[in-house]
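Chains as they are written, first to last, in the working numbering: chain A, 31 to 478; chain B, 31 to 478; chain C, 31 to 478; chain D, 31 to 478.
Identical chains share a label here; the pair holds if one copy fits it or two copies do between them.
Listed below are the simulated EDC-like cross-link pairs for lysine to aspartate or glutamate, each with C-alpha atoms no more than 16 Å apart in a straight line: (1) Lys131 x Glu417; (2) Lys131 x Glu85; (3) Lys131 x Glu413; (4) Lys416 x Asp128.
No lab work stands behind these hints: they were computed from the structure.
4 protein chains.
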Amino acid sequence: MSRLWERGEPLEATIARFTVGDDPQLDLRLVAYDALGSLAHATMLAEIEVLTHEELTALRRELRQVVDEARRGEFEIALAEEDGHTALENRLTERLGDTGKRIHTGRSRNDQVIACTRLYAREALLRVADELRETSLALLRLATEHRETSVPGYTHTRQAMPSTLGLFFSAWAENLLDAAPWLEVAYQHLNRSPLGSASGYGVALALDRQRVSDLLGFDRVQRNTLAVQNDRGRTEMLVLGTLLGPVLDLSRLATDLIWMSSEALGFIRLADQVTTGSSIMPQKRNPDVLELIRANGARLRARHQEAANLYAGLTAGYHRDLQYTKAPLLAGLEETVDVLRVLRPVLSTLTVDDRRCRESMDRSIGATDAVYRQVAQGRPFREAYKEVAADPEAAVESDPSEGWRARRHLGAPGALDLGELEERATELGEWHRGRQRAVAATWQALLG
Amino acid sequence: MSRLWERGEPLEATIARFTVGDDPQLDLRLVAYDALGSLAHATMLAEIEVLTHEELTALRRELRQVVDEARRGEFEIALAEEDGHTALENRLTERLGDTGKRIHTGRSRNDQVIACTRLYAREALLRVADELRETSLALLRLATEHRETSVPGYTHTRQAMPSTLGLFFSAWAENLLDAAPWLEVAYQHLNRSPLGSASGYGVALALDRQRVSDLLGFDRVQRNTLAVQNDRGRTEMLVLGTLLGPVLDLSRLATDLIWMSSEALGFIRLADQVTTGSSIMPQKRNPDVLELIRANGARLRARHQEAANLYAGLTAGYHRDLQYTKAPLLAGLEETVDVLRVLRPVLSTLTVDDRRCRESMDRSIGATDAVYRQVAQGRPFREAYKEVAADPEAAVESDPSEGWRARRHLGAPGALDLGELEERATELGEWHRGRQRAVAATWQALLG
Amino acid sequence: MSRLWERGEPLEATIARFTVGDDPQLDLRLVAYDALGSLAHATMLAEIEVLTHEELTALRRELRQVVDEARRGEFEIALAEEDGHTALENRLTERLGDTGKRIHTGRSRNDQVIACTRLYAREALLRVADELRETSLALLRLATEHRETSVPGYTHTRQAMPSTLGLFFSAWAENLLDAAPWLEVAYQHLNRSPLGSASGYGVALALDRQRVSDLLGFDRVQRNTLAVQNDRGRTEMLVLGTLLGPVLDLSRLATDLIWMSSEALGFIRLADQVTTGSSIMPQKRNPDVLELIRANGARLRARHQEAANLYAGLTAGYHRDLQYTKAPLLAGLEETVDVLRVLRPVLSTLTVDDRRCRESMDRSIGATDAVYRQVAQGRPFREAYKEVAADPEAAVESDPSEGWRARRHLGAPGALDLGELEERATELGEWHRGRQRAVAATWQALLG
Amino acid sequence: MSRLWERGEPLEATIARFTVGDDPQLDLRLVAYDALGSLAHATMLAEIEVLTHEELTALRRELRQVVDEARRGEFEIALAEEDGHTALENRLTERLGDTGKRIHTGRSRNDQVIACTRLYAREALLRVADELRETSLALLRLATEHRETSVPGYTHTRQAMPSTLGLFFSAWAENLLDAAPWLEVAYQHLNRSPLGSASGYGVALALDRQRVSDLLGFDRVQRNTLAVQNDRGRTEMLVLGTLLGPVLDLSRLATDLIWMSSEALGFIRLADQVTTGSSIMPQKRNPDVLELIRANGARLRARHQEAANLYAGLTAGYHRDLQYTKAPLLAGLEETVDVLRVLRPVLSTLTVDDRRCRESMDRSIGATDAVYRQVAQGRPFREAYKEVAADPEAAVESDPSEGWRARRHLGAPGALDLGELEERATELGEWHRGRQRAVAATWQALLG
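Based on the provided sequences and hints, a complete structural model is requested.
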């Protein structure tokens, strides 16, 4: 019997498969943006009289239809076409003959692929911002609801001081919202028009790069034509690096929730719809959704590394290696949206066991609060610390669980100001809505 | 117009898609191995009288058919089935009723998925070994042919000493062959039977783990049931780590060949079938195949990192995070095969420009040989070095290009021993053939 | 003879060495900031009447002296003290007795170490911004000087279209300046006061966190006390992620310059003071400085990964693992400054060989310009492309080297607008100067 | 007040500091090996009559003394000397004049530094093997002692099936011992002589490379002179990749022990000497040693990545970037030894709370054993599973904690075969002792 693993593929087929890679599949997400970018380019070409009005009209009709098909998931890329750009060009040429060919005047594959990737990533980033805002609000709702639920606060995986679930959930909400300015700077970095840079050296044609940029709703033109190419891979790395913040936050939060819902802690219970059974152990309910959220932190780090590895060693200008940067970018953006989104049903369906939260506390967890009661009465900290350390149990009152109430300075569990976080979520929402509307208006204007 | 990027997916669908992930697609490669593993398990269950002879006969017939279908690429995994294991179980149950269900006795998804992944990776690793041997031989052929082709030797991207293409090509061949003992130890690590470890704690049934191991051609049983689970992710990382050696070798060699075929150096010319044109620049022939070979070094490092990230933070035993380790393992193995394979037509079709190789040498490249001519006549090295350094051009004879002939110690360009490398390739081939035959015999015996 | 490698160290010593790690050495950079943080904390404690006026006076005197000593490199941390915080506390206690101990009231090691690391990193980041601005200007000077120096433009390591050194150098300047908004957002992320978060749960004392924040020149208080701890490791990763942009830019630029100064290309010559000789080859001048600049891209990626790895798997709150995040942060910041700084003498001393730049061009490099000459006369692009592709040499005029002059749209080599980049450098300089002055004013006010 | 962070360093000093890097400090570990390598080289040079007998005698005397000084930690490398090789050459020249210079005949810095790094790493790897063996045995002692201590077995951080501490500790012992063949193949990869490869192209002198290899106890000569240089960075990556296995094992085990010693689980108690107190919370005992063991997994992954990043993008032959590969290799090897070593006192001093181990089990943990009791009586698995799943509590006998006793197949908790693991440890010990003795005999013969 021959090896199962053997594919028996002829070398030419291997070369073809190898150079094409995953592009046909990946480009299904990009083809609508490619058509939009083409439409803006064609509009400008008509304005500088490289295309006639009739040609533009024909191209607009056809490109609109491609956008529609792509949005409905009906546009297809044949394997032999290798990628979405060829599929698009073939389509236009089939239908419009020479006019279809003429659209490639004044551009190269290099600026074309950068343009549609940025248009895609720009919207994906808006989606990330929106999901992040919603997930922050879900955390804040839990924080509000359990604002006074006493629970051990930990350091070093050891009971440290009495705390609250309110502090816990709003901490992660605050951490998540910290991503907002990073997302905005990533958006600005992305939102620059590469079109007209061609293969990195421009073309001898009076392209109106600013006009194309405006038509596509970019904030500005990325100037130096070679700088545009040098930015490839780097942009992907920087965008993925921005996602690392919130995705690793959720990865850690998932780890917390897995432990908090374990038999040993039992602070929370996960709903059945976000857990799964076992093929061998009849009693099990496994926190698979949370485990996969955690695991996405591991994956995203690898995707970031992949983008960095791919461009780090290259000299200036385009190299084919950069084609591979598309896969980690698209995967990273979509997985980030999923992770942010999938956490919400976990949060909205979990139930808290107040009693176990409170009763799990060792009496000695109140030691620091006992020290500070003395400090508040004027005793030097180190003296009070030593006395309590000698016999913590004795120094602590019988139920230390609400010691957090006396901690009332800014940010402390006894004085949570959730309103400030809601405001930050609102601001992010406003930024998102503004950008979103601008993008929608851009497409409406372009598609007419 | 609504956002193009929006999928409008309901949350339940997101959760389902999120937990299923890429398994249906990935498992198409594993399902034949899953059927083989199931057949061995069933055979043993019949021997310990958990299954009847009739049940085994029915299962064998059905599993053989699954293997056949999977080998022909005809076995299908419906999205709703989530993964290949369920698809296989559904198939058996559909066709055989209760007998189909009974095969899950004495195993868990956990040991089942490890088993089929190892069987797959074992053959993939054999394939890597075979391709590596062939590619080494292709390099040795070039080394033999261009054994006396003078070419500058470089350090620091600077002409260092006259060298030969023979030294260059056989260096990379030797580097590649260094991977052999690593592949063998990876194979041994892989080739241990996990079956019977169940979910990490065994089952209360007199399973004959050794028998299952023998039936599947494993070298031995991986003992401690929990150790089997702890090995998940780690095995993937170690196997991928083994591939890093040869893939980064080829990545660097590709970089060399890209430069050597550039206009500035022109030492070699790449054939048209391994280069591509440009959409904007009519004169271009781009070395895309070599660039993608180079880029696979960047990708494989990310895949290794992904496997490491996924398992590094976990406590003992199974966690769902580990499911994600399948993707980088499968991708890494297949990409390694492709890279090794795709390089060969590049090598077999390249042509060497002897004249440019030789004439590109600056006269001063002979300085070190000039120093050693004096040393050989008894002059102290530092003295000769200083004299030559004062005016290298003067010290060097007019044509230094064959200075390498006088370097004849072991491994030097004047005394290449390619026979030793051919022997190492032969030894690797023997190991590969032996293992290959054993695997084939195993499947033949099992399928009957 | 016993093993050379054996240290014969008793286990207790190994444990002590293991837990102390590199802290004594690393903390030498932090101790001045620790003293400044302590001074602000003490000032606030006096204001809320936890310390008396006399105690504050004594502490201020002593802490000022520590700042002075640390700035002069004279403060010492004994190994037995384990870290800079203990060394500081010991010093204060030695000199001031109980008053020295009292300063630890209302804080924990956890918020203390975060505070001084942020104060350090804040200034390091300003230094990065300043060096980045200067290095951009150095690139712009070269771009201005060689604005009309024709040189091949490359894609795929192949001659693509005629370009200029002006385009090349200003591309990298533009890429570098893209880091500005990222540095600013990193600065904002850093510039939040952690003090008062204690070990993550606050203390039962009416700490005025806003006041401490103001005294240290932080932009705001980082609120939720647990969020502060969750930010540890993450901040380090995000800051290092920000540095990846410019450091990888310079890494790639270094690779370009190494090749451009190689014998084969010879476009530029590196000055002797930035190259080194060889211990064996008398004629060599090696570009070690550029190679090490390149290699710092590889190192910084590992440092980023290290910070990410360290915090990614942890549950909420402090864990000792986080102590290790200090080393990659400090190293990454200092190496970034060095890389930016060390490149400048390379740039300021390099000389350009105009003739080789121009003459290296193959005639066929003019093919795309030839196509566009026809397009400009109304011929369809694909038609012109095909004709030129049939015989590029024939289609190209004898000297294609100044074809870039006809490319005059925004960002093209024929119309470089270096003034816009100078403005961006000026804006960065203004931001830097403003922040710098604010920090200086803060220290002056605090130290009195 | 000027910025604290500003170093005010002149550019030349920055360049000097930048190119020297950490070499003076790192080379203190290598200088003895450099002297030994030099001694073997000199011996061979005398045999081929490049050195006189008198010169060799003088060199041997001096080099022996350097070895002695280096072993006592008394050899010093001045900053101005830049590295250990220069320091050694200076020393020999100072003491022996021209004879000292002559030793550099027939070698380059490139093969010299590879040689001493390999000699160092070879012994470090032996030390790793020895510590790994000892730590495995420490785990096996715990497994033996607690062979019958019932404890919950977990999957997905959820109670899965009753297990034992014997299974737990011996699982990690088995996992650790899996590293043995990997260490051996890494040792073989390392243990090849690079000397005579010079800068990658050999020298025109009748060097006896085999003789030098024999004198230094290498297994064989690494042939092709260029292959030796191409192996730089790769060897470092492969060796570090080998260490990832055991270091990540211990990292995970540390995480387990941290949780098992937490208040919530309380299965074990850590001794005071391996825990530390808190500066603010009097009652705390923190598992710092275990946390740092865990964190070394994160660091080692970054060190591996660093080595890979550094060499991955380079063309054939030496580049200065490779100098940086020394730091991660040395750090990784020494940290691995520390981690393996430091875990032992944690293990030898921990105490087990049998009662909490047993009583922590939920009754439903016995569900799978209940299913298999029915299966053993002939009931189909899926039927028994369904019945138990309907009401697990009811199906499980009142005390399920010793259900593991009925699981007695190979590797299951009811039939642990620790003897097999002891044998594997013994075999590793024998390999280690054999190699160790050979190295010692080599040094004795060489130093006379």
